[in-house]
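*Asks:* Next come the chains, spelled out residue by residue.
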Amino acid sequence: MELSALRLDELQPLIEALDDLDLTGFEFVSFHAPSRFSQQDEMYVVDCLRSAVARNIPVVVHPDVMFNTGLWKSMGPSLFIENMDKRKPVGRTAADLRVLFERFPDARFCFDLGHARQVDPTMIEARLILEAVGDRLAEVHISEVNTSSRHDPLSRYAISAFRSLASLVPESVPVVLETLIDQGQSDILTEIGRARRALDQASLSLAG
Amino acid sequence: MSESGIRTPELWVDRIERELGADWPAIRKARLLTSQKRAALRSAFQEKISPDTSLVVFGSIAREEMTAGSDSDWILLVDGQATPEHGDQKHTIASELKDLGFPEPGRSGVFGCMVGSHDLVHEIGGEDDTNSNTTRRVLLLLESLPVGKREAYDRVRRQVLNRYLHDDRGLVRSSGQLKVPRFLLNDLTRYWRTVTVDFVYKQRAETGRKWALRNAKLRMSRKLVFASGLLRCFFCHLDPDAAAAREALRRPQPDAAKLLAYLENELERTPLELLARAALRPQIPRTTAAKLFNSYDAFLSILDGDKREALEGMTESEMAFSPVWNEIRGLSHDFHSGLLDLFFGADQELRDLTIQYGVF
Chain A
1 MELSALRLDE
11 LQPLIEALDD
21 LDLTGFEFVS
31 FHAPSRFSQQ
41 DEMYVVDCLR
51 SAVARNIPVV
61 VHPDVMFNTG
71 LWKSMGPSLF
81 IENMDKRKPV
91 GRTAADLRVL
101 FERFPDARFC
111 FDLGHARQVD
121 PTMIEARLIL
131 EAVGDRLAEV
141 HISEVNTSSR
151 HDPLSRYAIS
161 AFRSLASLVP
171 ESVPVVLETL
181 IDQGQSDILT
191 EIGRARRALD
201 QASLSLAG
Chain B
1 MSESGIRTPE
11 LWVDRIEREL
21 GADWPAIRKA
31 RLLTSQKRAA
41 LRSAFQEKIS
51 PDTSLVVFGS
61 IAREEMTAGS
71 DSDWILLVDG
81 QATPEHGDQK
91 HTIASELKDL
101 GFPEPGRSGV
111 FGCMVGSHDL
121 VHEIGGEDDT
131 NSNTTRRVLL
141 LLESLPVGKR
151 EAYDRVRRQV
161 LNRYLHDDRG
171 LVRSSGQLKV
181 PRFLLNDLTR
191 YWRTVTVDFV
201 YKQRAETGRK
211 WALRNAKLRM
221 SRKLVFASGL
231 LRCFFCHLDP
241 DAAAAREALR
251 RPQPDAAKLL
261 AYLENELERT
271 PLELLARAAL
281 RPQIPRTTAA
291 KLFNSYDAFL
301 SILDGDKREA
311 LEGMTESEMA
321 FSPVWNEIRG
331 LSHDFHSGLL
341 DLFFGADQEL
351 RDLTIQYGVF
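Chains as they are written, first to last, in our numbering: chain A, 1 to 208; chain B, 1 to 360.
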């Protein structure tokens, strides 16, 4: 499960709520940092996120908002860097990510399949990304990301594209569904089924 | 040495010039002029290219062979949803290029327009793969340069390459040792043959307008582009740097991703660089390299000077008596002879590949 404070004003309330949340039923919990804030707010954001790290909850961060390397480096392996969609200037490609992980050598990798497919629908870049930084893989995000960079329910084409990488994603890596169903586009169980089809290595080996 | 002080690897062309003790000032001058023009383009189009689009230029600016009278064919490549500003962008591009001193693209309609990525990627062969579509797609691979935002360009080029490799059953599924992308090679050859046939078509349709200059370019730069395309395909098999890619194709579940990455990297090299690299192969006599590059340098020199004007205005009837045209003919014979030596000469590997893939 991923707790998400994508907007800056969501951060403090969610951090304050951590003590009251019953997270014991989840095998894996991470915390998604705000996706947009200024450099002036960076210290405040990192201070808040340290509360999550102190509770052994890793933090997923977009690389374009990590201005001060030292602040984030101190999170060590609790820092998960996510690959970006095409709107962002950094973190989209294997080459970008290699450079990022040189800056943050202890950090781990959150692999967003939808972002990777939007950047390169052939999924070649996704494969190159896994070759480059797959040894740091700690979490996977799965969704369809459309041309407006909005997360959509998984289409059969996205499922097919993601299946091409399924053998490269260890079964032990937690998968977070990011498909938006807020307007009834789909439902949770359907999306879980689709995600399983996309990444189920057992069904791949049977099919192979 | 780059501007940052980092030592950059020697270009193949420079190496061959050094090893031959040759002097190719026109090639160097063209490279310098190209660099200046590219910088001007980047500056002019900063912030003017909207998301999911790329301004793509073709021709001598992409080949690093610009001369005084070089024009620039271009397209606005759109790889995403349609937006109102695409139409404005097209006009902005035409206007900015004119302000920068680039002559307008030709009248064929292939360039100077908005082009969606869909047909480039999905219509390879078949009724809907028009002359224009094939031209844009092949030149996107062999002779193009993105200006400003390049994400759309990179995406589309990768998708095109992916089609050529993924759909090449012989490449992906064959147990044979030769790993040359035949589907790609065939399309490049089809394009070259189309160019030669269209040359005659234009001769008839445009009543000899710019015929001499067009003829000169066909004999030299167009032929170079095709030759470089062949070499890009052959190097997939010959290049030690592509060994891992070839190995990945031989696995029980063949994987063309590494070959695609290799080809993408190689596409960054200019046609002259490819030619130089081939000419430096151990079995190729130095006389072949000299023939190829001496003639090409002289050709660029003609395009860069007063003789270009003579070519532009020359009618077919004047060509028989023109010393400039005679000079072009002589250079083109040397260049052609050099290419024959390269592909059919002493280098057995290259010769065998040319025979195996270049005819049928």
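Keep in mind that the hints were calculated from the coordinates and are not lab data. There could be a bad hint or two in this list.
Claimed, not checked - The list that follows gives simulated cross-link-like pairs (lysine-lysine, DSS-like), each with its CA atoms no further than 30 Å apart:
no. : chain 1 : residue 1 : chain 2 : residue 2
1   : A       : K86       : B       : K210
2   : B       : K48       : A       : K86
3   : B       : K307      : A       : K86
4   : A       : K88       : B       : K307
5   : A       : K88       : A       : K73
6   : A       : K86       : B       : K90
7   : B       : K149      : B       : K202
8   : B       : K307      : B       : K223
9   : A       : K88       : B       : K258
10  : A       : K88       : B       : K48
11  : B       : K149      : A       : K88
12  : B       : K223      : A       : K88
13  : B       : K258      : B       : K307
14  : B       : K210      : B       : K149
15  : B       : K223      : B       : K202
16  : A       : K86       : B       : K258
Stated by the list, open to error - Anything over 12 Å on all C-beta distances counts as not near chain B; from chain A, calculated:
no. : residue
17  : L6
18  : F26
19  : R103
Stated by the list, open to error - Going by beta-carbon spacing under 10 Å, a handful of chain A positions derived as facing chain B:
no. : residue
20  : K86
21  : R92
22  : V119
23  : D120
24  : P121
25  : I124
26  : L128
27  : T147
28  : R163
29  : V173
30  : Q183
Even glycine gets a Cβ: it sits at the ideal position worked out from N, Cα and C.
*Asks:* Give a verdict on every hint.
*Replies:* Each hint, compared with the structure:
At most 30 Å may separate the alpha-carbon atoms for a hinted pair to count; A:K86 and B:K210 exceed this at roughly 43 Å. A hinted pair counts as satisfied when its Cα atoms are at most 30 Å apart, and B:K48 with A:K86 qualifies at roughly 18 Å. Taken as a hint, the B:K307 and A:K86 pair is broken in the structure, with Cα atoms around 47 Å apart against an allowance of 30 Å. For the proposed pair A:K88 and B:K307, the alpha carbon gap of about 49 Å is over 30 Å, so the pair is violated.
Our distance criterion of 30 Å between C-alpha atoms is met by A:K88 and A:K73, whose separation comes to about 21 Å. Under the criterion of a C-alpha separation no larger than 30 Å, the hint pairing A:K86 with B:K90 is consistent with the structure, at around 22 Å. Taken as a hint, the B:K149 and B:K202 pair is broken in the structure, with Cα atoms around 34 Å apart against an allowance of 30 Å. For the given pair, B:K307 sits about 21 Å from B:K223 by alpha-carbon distance, which is consistent with the 30 Å threshold.
Proposed proximity of A:K88 and B:K258 is supported: the alpha carbons are some 26 Å apart, at most 30 Å. With a C-alpha separation of about 18 Å, the suggested pairing of A:K88 with B:K48 holds against the 30 Å cut-off. A distance of roughly 12 Å separates the Cα atoms of B:K149 and A:K88; the hinted pair therefore holds under the 30 Å criterion. The suggested pairing of B:K223 with A:K88 is violated, with an alpha-carbon distance near 40 Å, which exceeds 30 Å.
Only pairs whose Cα atoms come within 30 Å are accepted, and B:K258 paired with B:K307 is rejected, the gap being roughly 46 Å. As the CA atoms of B:K210 and B:K149 are separated by approximately 34 Å, the hinted pair breaks the 30 Å bound. In summary, the hint linking B:K223 to B:K202 is supported, as the alpha carbons are separated by about 18 Å, within the 30 Å threshold. As the CA atoms of A:K86 and B:K258 are separated by approximately 23 Å, the hinted pair is consistent with the 30 Å bound.
No Cβ of chain B comes within 12 Å of the Cβ of A:L6; the nearest lies about 21 Å off, and the non-interface call holds. The Cβ of A:F26 sits about 35 Å from the closest Cβ of chain B, beyond the 12 Å cut-off, so the non-interface label holds. Chain B leaves A:R103 outside its interface by the beta-carbon criterion, the shortest separation being 19 Å against a cut-off of 12 Å. Below 10 Å, beta-carbon pairs count as interface contacts, and A:K86 has one with chain B at about 6 Å; its hint therefore holds.
Proximity of A:R92 to chain B holds as hinted, the smallest CB-CB distance being about 8 Å (cut-off 10 Å). The beta carbon of A:V119 is positioned within 10 Å of a beta carbon in chain B (closest approach about 8 Å), and the interface hint is therefore held. With 10 Å as the threshold, the beta carbon of A:D120 comes within range of chain B, its nearest partner Cβ sitting at about 6 Å, so the hint holds. Taken as an interface hint, A:P121 checks out: its beta carbon lies about 7 Å from the nearest beta carbon of chain B, inside 10 Å.
Contact between A:I124 and chain B, as hinted, is supported at the beta carbon level, the nearest pair being about 5 Å apart and thus within 10 Å. A distance limit of 10 Å between C-beta atoms decides the matter here; for A:L128 the minimum to chain B is near 7 Å, and the interface restraint holds. Interface restraint check: A:T147 against chain B, minimum CB-CB distance 5 Å, threshold 10 Å, status holds. Given hint, A:R163 at the interface with chain B, is violated; its Cβ is 13 Å from that chain's nearest Cβ, farther than 10 Å.
The restraint placing A:V173 at the interface with chain B is violated, with a minimum CB-CB distance near 21 Å, outside the 10 Å limit. Annotation: A:Q183 was flagged as interfacial toward chain B, and the flag is violated, the nearest CB pair being 19 Å apart, outside 10 Å.
Violated hints for the displayed structure, listed by number in ascending order: 1, 3, 4, 7, 12, 13, 14, 28, 29, 30.
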